[in-house]
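S.K.: These are the residues of each chain, in order.
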Amino acid sequence: MNFDWTDQDRAIKTRLNNVFHQTAREELDRMEEADLPELKTMTTGVLRNLAPTGYLRVGFGPGARSETMHLVAAQEETARMSGSLFLAVEVTARIFAGLLRGFGNSSRISQIVESLENGNLIGAVAVTEPSEQGEGQRPATEAWPDGSYYVISGRKDFVTNGPIADYLAILANIDGRPAFCLVEQGIPGLIMGPRMKTLGYRGVAVSSLQLNEVRVHKDLVMGPFEDRSALVFVCLTQDMVLTMASVGLMERTIVEAKQYSVRHQRGGKPIFAHQEIRFKLAEMLTLYQTAQLLSFRAAWMYSISDPEAETLIHCAKVFAAEASEKVAGMAMQIMAGRAYVMGNIMELAYRDAKYAALAGTTSEIARMAIADDLLRRYS
Amino acid sequence: MDFALTEEQLMFKDQVLKFARREIVPRVQEHDLNAEFDRESWKRLGEFGILGLHFPEELGGSGADVITSVLAAEALGEAGVDGGLTLSYGAHTYLCADTIFSHGTDAQRWKYIPKLASGQWIGCMGLTEPGAGSDVASIRTHARRSGDQWVLNGSKMFITNGAIADVAVIYAKTDPSAGHSGISAFIVEKGTPGFSVSRSLHKMGVRTSPTSELAFQDCAVPAENLLGSEGNGFLMAMQTVEWDRSALLAPFIGAVSFLIQRCSRYAKDREQFGRPIAYFQAVRHKLADMKIFLEAARSLVYRIAWCKDKGRPLNHLEAAIAKLFVGDWSLGPTNDAMILHGGYGYCHEYDMERVFRDGRLAPIGGGTSDVQKVLISRLM
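Keeping their order, the protein sequence lines are chains G and A. Counting from 1, position 360 in the first sequence corresponds to residue 360 in the working numbering; the numbering is continuous, with no gaps. Convert by adding 1000 to the 1-based position in the second sequence; the result is the number in the working numbering.
It is possible that part of the hints are untrue.
[Stated by the list, open to error] Chain G residues, not near chain A, derived (Cβ > 12 Å throughout):
1. N18
2. V19
3. G63
4. E114
5. S148
6. V151
7. I174
8. R215
9. K258
10. A291
11. A316
12. A366
13. L374
14. S379
[To be verified] Footprint (simulated), chain A over chain G, 3 or more residues, beta carbon under 8 Å:
15. 3-10
16. 278-288
17. 300-311
[Stated by the list, open to error] Calculated pairs, DMTMM-like style, for lysine to aspartate or glutamate (alpha carbon to alpha carbon, straight line, at most 25 Å):
18. G/K326 to A/D1370
19. A/K1310 to A/E1058
20. G/K354 to G/D306
21. G/K13 to A/D1002
22. A/K1111 to A/E1230
23. A/K1268 to G/E32
24. A/K1190 to A/E1224
25. A/K1268 to G/E364
26. G/K269 to A/D1135
27. G/K326 to A/D1289
28. A/K1268 to G/E117
29. G/K218 to G/E184
30. G/K269 to A/D1370
31. G/K354 to A/D1328
32. G/K354 to A/D1289
33. A/K1310 to G/D4
34. A/K1310 to G/E129
35. A/K1268 to G/D373
36. G/K354 to G/E129
37. G/K40 to G/D175
38. A/K1018 to G/E276
39. A/K1018 to G/D306
40. G/K258 to G/E276
Calculated from the structure, these hints are not laboratory results. We treat Cβ as the ideally placed atom computed from N, Cα and C, and that holds for glycine.
If we strip away everything but chain G, and leave its shape as in the complex, we get (with noise of 0.2 Å):
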C-alpha cells in the first residue's frame, strides 16, 4: 500500500503545471463563451501543448496497467483548470484514443492514435441514440457491409466534441453484434446537428448527428465484437472522467471559497472566522478528499482488473458526483450574491456539477449495478 504519488506521478504532474502556467486562466474561461470555430481553435491548441508532456497517450484500465495511477494523477491537473477543457481532452485522448488503441487493428487506425498523440486530431465517440436503448440492446444504428466498405445509418444524440471532432467513433449494429466506425468530419452523409445549449460545461461542443448511408471503409471499423468489452471499455472510462471532472471541480471551487472567506469580512473579522462558514469548508474538504481517494482506488482497481472494479467505480462516480454537488452548492452560499452573477467561478462550478450524475451513467442505474452486484455476492 502506498498512498504517496510515485516520482513518475509527479513528474507527469509538474509537466503538465508548466503547460498550464503558461496558459492564461482568462483564456481557459473563454472557452465557456466561444463559438464553434474558436472552440476547435482553441481545444486544438490545447492538445498540441499537451503532446510533449505525455498526456496524450498515457491509457487507462487493464490494458495500460502500469500508466493508469500516472494518469488519474495527471488528471487532477488539468481537471482542476477548467471542467470544459478537461472533457474536451478526455474524450479525445482517453475515450476515443483509448478506444482504437485498445480494439483497432489497421495501420490507418495506427496513424489517426499517432496524430491524436501529438495533439493534431480531436475524436468524439458517438453511443447514445434518441431512442434511448436500455442496457444490453442493440443500437439503432445499422452498418452492412458494401465491398470494402461498411455503410452506416442511424441518429445519435449527445455527441461530446461532436461539431469540433475530427474523427468521430460511431457505435453501429452489424449483424446484431456492436463495432465502432470511425467516420471523418465531412464525410457525404454525416449531417451534424446544430450545438446544443447546455446548463453547464458551456466551453463543450455538444450536439446530435445523423448518418445516412455514410461509407466508412473497412479499415475503419473496430469490430463486429463477440462481446461488449469495447462498450465496457468506453462506459468505464467515460465514467472515470466524469469522476475526475467532480474531484477537480470540488477542488478549485474549495480554493477559491476559501481565499474568499479569508478575504471577505463580515462583523470585523473575515468570514472563514465565522462557524457557519468554516464548517461547510471542512465538510466540503471531507466530500472532496473522500472523492477523491475513492476515485483513486477505483482506477487501481480497474488497472488491476479487480472482480470489484466495475462496482468501485460506480461508486465513486456516485459519490463524487452527488459530492460535486453538493460542495458547488455550499460554495455558492459562502461567496453568496457574486457566486450567483454569471460568469463567476462559483455559479459556472454550480451549473457544470449537475452534469456528471446524469452523464456516463446515471446515478440511479450506477446505484442498481451496485446492489446487483452486492446481491450477487451475497447469497
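For chain G, the structure is supplied; the task is to place chain A on it using the hints.
M.R.: Frame of chain G, contents of chain A only:
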C-alpha cells in the same frame, strides 16, 4: 499510488473474521441485551493475539503493522462483533497500552504490556472530565508531587473500561498555570487507595463496554508511575488520537460490511407483493448507498493507518477528515439497514438495531463531528 494489501494482511484479516464468527459472535446479542462486558470473549481475543497485535513479540505482541491492526479491527466489525467489545478493545489496546508502550520506561513496558497484550489485565484511559472534553487544557484533575509520590485529585468522565480496568492511564494537571504544557500522564492501578469508580453510565449503544465516572481523592501513586516526562501529557494524548481515528474507526466500517451482507441476504429472502424485496429499486438504492459509504470510508481509514506505519506524525488533517466522514456519513447506512428490515430491524434479534445504536457513537466519541470540523478548518 498502490492500494494493494499483502497476501499476509489479507490472510490475517480472513483468519480474524473466521475466529470472530466462531468464537465471539454467538455471545454478542445476549451480552448486549444485558449490557454486560463479555469476559469470555475478552479472554479469547487475548488468546488469539488481537489485544496486543502491534506490540513487539518479546512483550507478548505480534509485531504487526498498523494496517494489519486496522484490518483486524475491521474484521471484528465485519464478523458482527458488537461495537461495545471493539470499543473496549480499542480503549484497552490503543488508548491505554499503546500510550504506556510509546512513552513508558522499559520497566513500565515490561511490567504492563505483557499483561495487557494477553488480556490478563484490562486497561483504560482517563482524559475527559465532567467539565472538559475536547478542550483538554481545561481539565481540573491535578497531581501534586509529595516526596516520592504523586497525589491525584479530581474526576474523570465517560471512561471506557473504567469499571473493569486493572490499570489506567490518567491525565492530570501538574502545572495549572501552564495550559497544555502543564498536563502529565500517570499510571494508576486498580486498588490504589483513593481511586474509585464513582458511577457507571447507562448508554444507548456500545452497551457491553462499561463506561464510568472515576474519582480520585488523595490518590497517591509512586513517582515512577509518571508516564513520559512531566508536562508532556497533552502531546501524548494527541498521539493516541491517531489511533482513535484509525484502528478505532475500523470496526465501524467493518460493521457496515456486516450490514451489507445481512441486508443483501434478507432482501433476497424476504418476499412482499409476491416477489423478493430485492426486486424493488428503493431497497437496492439503500444497499448501494451502504456500499458507497463503505468503500469511501475504507480508503480514508487505510490512509491514516498507512501514514502511521510510515511514521508520519502530523496526519491530523487526514485523521479528522476520516473521523468526520465515518462519524456523520455512517448514520445513513445504519439507519437504512434497520429500515430495510422493517419491523424485524427494530427488534433485537436481527442485529440491525444494535448496530444502529452502536453506530451513534461514531460522531460523538473521540471528539464530536463539530470538533473535527474545527480541526479541519484550522488545518486546511
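S.K.: Within the stretch 278-288 of chain G, is the number of residues with a Cβ closer than 8 Å to a Cβ of chain A three or more?
M.R.: As far as the stretch 278-288 of chain G goes, the hint holds, because 7 residues have Cβ atoms under 8 Å from chain A.
S.K.: Is A/K1310 within 25 Å of G/E129, Cα to Cα?
M.R.: Since the Cα atoms of A/K1310 and G/E129 sit roughly 51 Å apart, the hinted pair is violated (cutoff 25 Å).
S.K.: With the threshold set at 25 Å, check whether the alpha-carbon distance from G/K326 to A/D1370 stays at or below it.
M.R.: Since the Cα atoms of G/K326 and A/D1370 sit roughly 18 Å apart, the hinted pair holds (cutoff 25 Å).
S.K.: So is G/N18 really clear of chain A, every C-beta pair being over 12 Å apart?
M.R.: holds (22 Å)
S.K.: Tell me if the straight-line CA distance from G/K40 to G/D175 falls inside 25 Å.
M.R.: violated (35 Å)
S.K.: Using Cβ atoms and 12 Å as the threshold, tell me whether G/S148 really stays out of contact range of chain A.
M.R.: holds (46 Å)
S.K.: With a cut-off of 25 Å on the C-alpha distance, tell me whether G/K354 and A/D1289 pass.
M.R.: Satisfied, since the Cα-Cα distance of roughly 19 Å is no more than 25 Å.
S.K.: Does the claim that G/L374 lies off the interface hold, with its Cβ farther than 12 Å from every Cβ of chain A?
M.R.: violated (5 Å)
S.K.: Next pair to validate is G/K13 with A/D1002; report whether the Cα-Cα distance is within 25 Å.
M.R.: holds (17 Å)
S.K.: Determine whether the non-interface label on G/A291 survives the test: each CB of chain A must be over 12 Å from its CB.
M.R.: violated (8 Å)
S.K.: Is the listed coverage of the stretch 3-10 of chain G by chain A valid when you require three or more residues with a beta carbon under 8 Å from a beta carbon of that chain?
M.R.: holds (count 5)
S.K.: Straight-line Cα separation of A/K1268 and G/E364 no greater than 25 Å?
M.R.: holds (20 Å)
Consistency note: the structure conflicts with the earlier hints numbered 9, 10, 11, 12, 13, 14, 20, 23, 28, 34, 37 and 38.
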